Amino acid sequence: MPASGVFLMLFLAFAQAAHAGFFSFLGNLFSGGQSNASSYNSQNLPLLKAPSAADPKAATGGAVMNIVEDSSILPVVGPMGSLADFETYKLDQITTYTVRDGDTLSKIADMFGVSVATIYWANDLKRGDLIKTGDTLVIFPLDGFQVTVKKGDTIKALAVKYKGDVQEIIDHNPDLPADGSLEEGMTLFIPNAELAPVPGRPAQVRGTGGPELIGYFMRPIAGGRKTQGLHGFNAVDMAASCSTPVYASAKGTVIVARSQGWNGGYGKYVAIAHPNGTQTVYAHLSQIFVSVGQYVPQGFMIGTVGSTGNSSGCHVHFEIRGAAQIY
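Everything in the sequence shown is counted per my numbering, starting at 231 for the first residue and increasing by one.
Derived by calculation from the structure, the hints in this document are not laboratory data.
Computed from a predicted structure; not experimentally measured.
Heads up, the beta-carbon is just placed ideally off N, CA and C, and yes, glycines get one too.
You can take every hint at face value.
Quick list of simulated restraints, FRET-style, between CB atoms:
# : residue 1 : residue 2 : range
1 : L360      : E413      : 30 to 40 angstroms
2 : M531      : K380      : 43 to 53 angstroms
3 : T363      : T384      : 40 to 50 angstroms
4 : T378      : S336      : 21 to 31 angstroms
5 : L360      : L406      : 23 to 33 angstroms
6 : P505      : E414      : 48 to 58 angstroms
Starting from the given sequences, assemble the full structure and let the hints guide the process.
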């Protein structure tokens, strides 16, 4: 056989092998990953942890979202233990999780680094309530700590001491007496609490590590007045007549639209994830006009002002998570 014929046969054989190898790789990429997915649940997937190569400063800007399985949003290490979902788990983001076979509340709590009580509060569950496969749980971040009440302590005094917020303390301690009185020896959870800074180190301010976004957001209501200044996660309270329209502060996708949440404290509320990695939350609404997964342009009417949940009057509790303070 001429040398040219031998060369042609070898070339065709190599090309065929390379072709098979390439499409075999594609097949593994799109089918192999799916076959593994069904075998993982909260009892055997790796616990979430910060990636070793991540920028530690990134977490202070918080609120990068990644939607997984339609409505599920998972932090840092994805459901398969990879870093594909996004780079860092932000402490101030809202996430949602779809319950899988074998999941328990304690396992899910461990996976997200929160307490079981946090999941109870965020989803208005009672002790002993069961979860089932397919349920969608809202996972709210919970920074803070428990304190033991001493003689003479009041909610207001503890809020000042630990730089917390009176209303948030009430919202996160559902067993408090109606009059808000404290008894010596009882334990109280102070959300978003801060200990006194270590001498020689500057105090850290929450929620100011994100981008400067002046002009990115619009006021969520027309008119009204600010009844409570900056508190919690870049939050303000704006009073207006009940049924006043509430508008999307920026364009984005609705990730939460619930009749009640955070132990009922938020009442009816909506959360929107924005293209720049931030989130906005609108709480105490009387009506909700959007649904999860819906894209809304800036200025879109998402609901109306109300007084649902733990509220003392018609107003909207408005948060911007993951941005520098802009109020």
